[in-house]
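Q: Chains as they are written, first to last, in UniProt numbering: chain G, 1 to 102; chain R, 1 to 419.
Since the hints were made in silico from the structure, they are not lab data. Even glycine gets a Cβ: it sits at the ideal position worked out from N, Cα and C. Careful, some of the hints might be misleading.
Stretch by stretch, here's where chain R covers chain G in the computed footprint (C-beta under 8 Å, at least three residues) [to be verified]:
#, segment
1, 57–65
2, 74–81
3, 84–94
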Amino acid sequence: MKRTNLFKLTLILVVAITTFIAFGCGTSKETSGDDLGDLGSFKVEKSGAVLWGENCARCHNAPDPTAFSDTQWEAIGTHMRVRAGLTAEETNKIVTFLQQSN
Amino acid sequence: MMGKKLPLLIFALLLSAGPLVAQTYNDETKEELESLKPGTTNFLMRGYSHAGFEIIDGNSSFVSGTFAPIFLWKQGDRILFESELEIEFEGDGVQFALEYANISYILNDYLVFRFGNFLTPFGAFNERLHPAWINKLPTAPLGMGHDPVGPTREFGAELRGGAPLGNTKINYSLYVSNGPLLEVHAEDSLEPPTTSINGLNFDDNNDDKAIGGRIGFLPFNNSALEIGVSTQYTAGIGDRNTEYNDIASFGYAVDLSLVKNSIAAIKGNLDLKAQWNRVEVDEFHIELPDGDEQAINQENDAYYVQLAYRPALSKSNFLSNIELIGRYSGIDLTEPAEHADEGDIVPGVAPPGKAKLSGAGLSSLGGEEEEVHAEGDRTQWAFGINYWITWRSALKFSYQVTDNEESVPGFFIHYALGF
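Put together the whole structure using the sequences plus the hints.
A: What follows is the structure, encoded as structure tokens:
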């Protein structure tokens, strides 16, 4: 059980430090309008490109838009929507972005 | 007990899905028919493979791990069929497995109905991170590869999806499935019976179904952080009409993913992944050759944390493709209990999963995880350097040390390719 405790401690430390670096230091060339967030009822609409950057790099490297054809992106979009639990809106915007950039 | 509730549950699932289907069907019948005409069916074959060279505890070998083709059919706007074959060398031959095969039907913007054989949304590694081109290291974390603590595949039906929640997001999955299967073999009256828990229960051994799910919460607007909680419960995992039929199994997992790209201060990307799995099985007894009873009590844990850094903003093209990875993982299995009279060690129960093993933690894993022929708890440090040739192909170098009684070093060079 001791090992498990050591693991918990290490985990908490690593998470804390990483979160600090990831959120404390900001992103270069931030385009997503993150900082605006939700201003009252005014919500910043995210573009397909931003959604692609935020959602498609969480599990694997963000895919290169040129890697697939328009119809292939359709099938992959649905595949990833199911796998990652994305909404229809997110998926449609991302697929449209990929189809425009390939 | 579950047996009576099950039809009700399925009925409720269908009932909740029915109106959605009907409504959208009316609205979009025309569109739907259009999109089902020949020519709009979209077939795609994808997959991944890896090959490499390994030195484990001084023994070197070239390995060709896996060839895993994936087939996707998208029919119209609502139907997706996905299937993966996994072909790998094992022992003297080739092992051919159907990793998953299922059909998804998109109910609405936030909900998908899926049935068939699917990867279990138990934690994140199994469902989201195991393919060779996604997993940053050549091996799986202890207890999350082919000797898993926790379920890996289900035969069942599932509702899943995702939705925005103010400035945050959630994703969810809820399923009913055949669940794990407890097998007790007493082939030889001179040997103690061997027991195993197998995740591949395609011909359900009883009427108790597993109920499980996962909720992922993304608290930040930029989706960088996801925290997931999963669980699975089965009221009975033994064969029907046996003394084991009401042995329950309960598992839960917590996973975390933090991915932040292009961080100016460190000139690159950070990727943190962590997961904890735990499975508890009710105590049960097996009869030993000398007539005594042996209690088997299962509480197994597996955990890992992995941190990767890629200097993606570096001006050097070479450096920006390099990724450094460190991972700590461990597996804690219930120690096989001592036989009270003679002190024999009775084989423990293999953790649930697709590998059918006898003896706790014994594993022989086709390239996914190093072989450690020792029982019980292990921990492991793994360090890797990857060179990313494209976004889904990498040359991976890694060094890992696995500790149980003694330290077993391993060195790996793998080439992983998603295609």
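Q: Each of the hints needs a verdict: does it hold here or not?
A: Checked hints:
no.: 1; hint: 57–65; result: holds (count 8)
no.: 2; hint: 74–81; result: holds (count 6)
no.: 3; hint: 84–94; result: holds (count 7)
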